[in-house]
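*Asks:* Sequence:
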Amino acid sequence: MIRLALISSAETAEAYGSISTRLHRAAWTAYAPVDSGGSGKALGQVTEATSAEALIAGQADAFDAVVIDADQAAVERLAKEASANGKPVLAGATGGSLAALGQADTLLMPAHPWRFLPSVQSVKRSLDDNKLGQAGLLRIHRWLPPGEGVGALADRILPDADLACWLFGSAPETVWSLQSAANPEYIQFHLGFANEGMAMIDVAASLPSGGDYFSLTMIGGTGAAYADDHHNMNLLYSGGQPNAICVSQGRADLVGQLQEFVDAISEQRAPSVTVADTTRAVEVLDQVLESAKSRQVISGKEGN
6 MIRLALISSA ETAEAYGSIS TRLHRAAWTA YAPVDSGGSG KALGQVTEAT
56 SAEALIAGQA DAFDAVVIDA DQAAVERLAK EASANGKPVL AGATGGSLAA
106 LGQADTLLMP AHPWRFLPSV QSVKRSLDDN KLGQAGLLRI HRWLPPGEGV
156 GALADRILPD ADLACWLFGS APETVWSLQS AANPEYIQFH LGFANEGMAM
206 IDVAASLPSG GDYFSLTMIG GTGAAYADDH HNMNLLYSGG QPNAICVSQG
256 RADLVGQLQE FVDAISEQRA PSVTVADTTR AVEVLDQVLE SAKSRQVISG
306 KEGN
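6 is the number of the first residue of the sequence shown in our numbering; add one for each residue after it.
Accuracy of the hints is not assured; some may be wrong.
If you anchor each label on the Cβ, the simulated ranges turn out as follows [unchecked claim]:
(1) Thr55 / Gly228: 29 to 37 Å
(2) Ser271 / Gln193: 35 to 43 Å
(3) Ala65 / Ser299: 29 to 37 Å
(4) Asn188 / Gln64: 43 to 51 Å
Pairs of lysine-lysine, DSBU-like flavour, derived with a Cα cap of 35 Å [to be verified]:
(5) Lys298 / Lys129
(6) Lys136 / Lys85
(7) Lys129 / Lys92
(8) Lys92 / Lys298
(9) Lys85 / Lys129
(10) Lys46 / Lys85
Please keep in mind that the hints were generated in silico from the structure rather than gathered at the bench.
Because the structure is a prediction, the values reported are computed rather than measured.
Virtual Cβ for every residue (Gly too), placed ideally from N, Cα, C.
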């Protein structure tokens, strides 16, 4: 049994607490807030520290591994402290500066929850099982309504830059982006991969208010796979126009990601998401933004 500690806001603790019963060979045993007043009561009966630093330095015997969900600067600082204490880390909101930590002996898994959506996992398995042939064309739409919750443009691009590299198994050789000055909340980018593979991705946060939309299509040499969020919509007929009701799949992405972290520790192996993956995605993100600014095709770096 892997004893897990969580460093996060109280809201995030509620999300992780709700999936506790779906974990195998792991349980929450410790919690520390990232801000004052945070509580880990949603995790059940756990050891609570007054701060993340106090948990890592003074109560390290209460847990075997730690999940850190905070802003990038805090994650990188706390991940370094936890790794120095020999604790495996699942680190959220990571950037390219974690590369040095990735060379340490202690397991460090960056959080890429978008990879663990069941529909996306299904597409990846189809590719890995050679049911689609060689990856050819990837098309992704990620459309969000306007609002404070959509995050910065870079944060919106990163998941799909990573998905493209992950599904093609490498970084792109060329990057080209298009962004309108009249609508800076919309960007479209084209990634050119080896063997004539390509990804066309558009990310928008300028739609009318309402629900968001995500779809992913992979066309291979001998087949195609499709994933979207339509399976969460049910139509209610009660006279007149039907109403679409969204049925949440819960946090299946968090379940899959956390279970992979636990399994990697138990099996003493590298996790399926590495610091090198994050570094690669951040480099592609930078190229996407550079291309949008210069309106020029950017060549990918050798060795990505």
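*Asks:* So which of the earlier hints does this model not fit?
*Replies:* 1, 3, 6, 8
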